[in-house]
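Participant: Sequence order for the protein chains is F and G.
Residue numbering for the first sequence follows the numbering used here, starting at 22 and increasing by one per position.
Residue numbering for the second sequence follows the numbering used here, starting at 1207 and increasing by one per position.
Please keep in mind that the hints were generated in silico from the structure rather than gathered at the bench.
Careful: at least some of the hints might be erroneous.
What the hints assert, rightly or not - Pulled a few chain G residues facing chain F out of the computed Cβ check, cut under 7 Å:
| id | residue |
| --- | --- |
| 1 | Asn1220 |
| 2 | Val1263 |
| 3 | Ser1269 |
| 4 | Pro1271 |
| 5 | Leu1285 |
| 6 | Asn1292 |
| 7 | Asp1294 |
What the hints assert, rightly or not - Far from chain G, some chain F residues (derived; all Cβ distances over 12 Å):
| id | residue |
| --- | --- |
| 8 | Tyr88 |
| 9 | Phe127 |
| 10 | Asn191 |
| 11 | Val206 |
| 12 | Ala209 |
| 13 | Ile228 |
| 14 | Leu258 |
| 15 | Trp279 |
| 16 | Thr295 |
| 17 | Ala321 |
| 18 | Asp345 |
| 19 | Asp351 |
| 20 | Ser358 |
| 21 | Ala377 |
| 22 | Asp442 |
For each residue, glycine too, the CB sits at the ideal point set by N, CA and C.
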Amino acid sequence: MRHFVRSAILATALVPLASTAFAEKIKIAIGHQSMCTDTYTAGIVIKELGLLEKHLPTDGKYADAEYDISWADYSSGGPITNQMLANKLNIGVMGDYPLIVNGAKFQETDSLRSLYVAGTGYNLKGSGNAIVVPVDSDIYSIDQLKGKDVSTPVGSAAWGTLLKAMQDNNIPTAEYALKNQSPAVGAANIAAGKIDAHSDFCPWSEIMEFRGTGRKIYDGSEAGVPYLHGVVVREDLATEYPEVVIAFLEAVIDAGAWIKEDPMRAVTEMEGWTGVEKEVLYLYFSQGGHLTLEPTIKDAWVDALKFDHGVLVKEKAIPPLDFDAWITEDYIKAAYSEMGMDYAADKATMVDPKEANAGLPMEIWHARDGVSSYPTMPEFLRAVAEMQGTGAKLNATYVYDSETGLKLFGKTAFWVRAGDDYATFLRKGEAEDYAAAHEGTVVTFDEAIADFVTEG
Amino acid sequence: MAVLSIIGAEIRANWRRMLGQGLLFALLFQVLMLVALMVRFQALPNYMTGYNWPANVLLIIRSTPSISDMAPIIREEWLLEIGRMNYDYGTGISEWSLNVIPSRLVILTALGALMTLCMALMRREGCSTSLSGTVRATTGVGAILVAMTNATMSWVVCCATPTWVVGLAMLGLGVSSSLALERIGPVMSLAGFALLVAMIFFLAWRRVRQRIDLKGAPFNA
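Here chain F stands alone, though its shape is the one from the complex (with noise of 0.2 Å):
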């Protein structure tokens, strides 16, 4: 009797210590890049907010699950999918190109697979790469890039955005001098005047116009390619837990809801977390910023991919890849269904940022009352001249460009005044054939805003 009461303590004190040892031990690792502002909703801020660990799954085959989450930070995403390839990395997030390259790198080899789930956000038209120049240089316009020496992140959404502008406008590679930088490397060479421009993906041709070191010449929207980023797993990690897939999708979609709820706390957040700049950042996530958060995938990005992969294979040996076999629908779907949201209503919605916002308000953004809304240009320069008189520092204001919509700083548009009206480009060649259209002139900020200066 004994030795039964002593094996059965004995068993009951093992209980809990054998379903630890039996405890599934689930690894999520994701590559994200804190340095990409179209990536955050499914990388610094599903991590800084906790959000993949209220989504994953408890019960069921899950509910003795051990988590062993970890996010690891890149400044592009062909690092991540190597991590990938090596199991180091399960998820990963990154823009149109090194998508590509991730699902052919895969599809490569004999075994692995990775698959493309989910988008994060999107440009209708293309903005969020761009070609920079230092900001005294005398290049106005892409095709005075012939005989220069141009730097981008060889590989990245930028690298394939010049590759194309290059294309288009009939520049062949023997024509410039392509040079392979990192995205801060290049913005230092652009403040330095060390290099002729610099081709980048979001958020540096803004974080260069920002501190006043650069200048763009080219915006992705030229392209008119819809401009994308998305989410890649491991097959393997899709097929034994597609629940957790499921679950980081849904973060995804709560970390845009949270970032539009109140895009001004999210940029200010998010400054702390990445070191981007909030005024930059305000470009991208505010409302009519160049940033349309919304994960479905849409048919039309699925043609953007296989025309991106058009553009590799032209330029670069790159890997075949089977669209098909790669793109799935399933776990965005799933996780829309979970959240009780309509996903065939947000796939069939495009925002087109001409269209979209239109009428919008100018903004200011003071350094102490934060951001106020003007609805017509006049209203908006009276108040940055009343601001600049009193000595109030302004951090940063926004208008729109006339030919695209894409939201600007005011410091860097190019403004046309016409008559007792004003207008603002993204290109100084679009402002002049207004001006020449409307008889008015190009002039600068400081001049339109002087137009407003009462004295006394």
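Dock chain G against chain F, hints included.
Facilitator: Only chain G this time, still in chain F's reference frame:
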């Protein structure tokens, strides 16, 4: 057959020295690359990261179903990264680094061992000065081809991944041209090894010839 037995005997007699000098060569090559980076960029490294190579390799083996897929993935696994980080923007970006990659260390050790074998064969043979110069030059070309194509320096201007063409780019060759040459790296490496092996066979063959000549020569001629 006689050629192979001479090579075999030489390896048996010198294997410790071959291994030791091979390892020493591989390690010195890492130091040389680091010095080259510091001189080229006029800056000292400001970070060092160690990687759990055995654990990472085990993970790859466990999670890669196809054996043919394992080798290329394992080949790129790092043991150590020493470089310079730029903290001007965001959380920091590595500008340049030396990546110590075990698969490359193995290749460089093999290269060092082959060079040692070449030298040992040459010493025993007592080559004429002109032939010795030719042998040394050919061995040198082979060694340079192998060593150059197994350099593991990384530079943001050149893909930010450890590739042998970084060395060319650092020497001033255009990035596009360097990257275009990247694909022929394995061929150049094989050519280097082929040169070294051919030289070893040539030296062993000459030794066989010398023995035959000695046997056939009259004693008091």
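Participant: Determine for every hint whether it applies to the structure shown.
Facilitator: We went through each hint and held it up to the structure:
{"no.": "1", "hint": "Asn1220", "verdict": "violated, 37 Å"}
{"no.": "2", "hint": "Val1263", "verdict": "violated, 9 Å"}
{"no.": "3", "hint": "Ser1269", "verdict": "holds, 4 Å"}
{"no.": "4", "hint": "Pro1271", "verdict": "holds, 4 Å"}
{"no.": "5", "hint": "Leu1285", "verdict": "violated, 14 Å"}
{"no.": "6", "hint": "Asn1292", "verdict": "holds, 5 Å"}
{"no.": "7", "hint": "Asp1294", "verdict": "holds, 6 Å"}
{"no.": "8", "hint": "Tyr88", "verdict": "holds, 18 Å"}
{"no.": "9", "hint": "Phe127", "verdict": "violated, 10 Å"}
{"no.": "10", "hint": "Asn191", "verdict": "holds, 19 Å"}
{"no.": "11", "hint": "Val206", "verdict": "violated, 5 Å"}
{"no.": "12", "hint": "Ala209", "verdict": "violated, 6 Å"}
{"no.": "13", "hint": "Ile228", "verdict": "violated, 7 Å"}
{"no.": "14", "hint": "Leu258", "verdict": "violated, 10 Å"}
{"no.": "15", "hint": "Trp279", "verdict": "holds, 21 Å"}
{"no.": "16", "hint": "Thr295", "verdict": "violated, 6 Å"}
{"no.": "17", "hint": "Ala321", "verdict": "holds, 31 Å"}
{"no.": "18", "hint": "Asp345", "verdict": "holds, 22 Å"}
{"no.": "19", "hint": "Asp351", "verdict": "holds, 22 Å"}
{"no.": "20", "hint": "Ser358", "verdict": "holds, 30 Å"}
{"no.": "21", "hint": "Ala377", "verdict": "holds, 29 Å"}
{"no.": "22", "hint": "Asp442", "verdict": "holds, 38 Å"}
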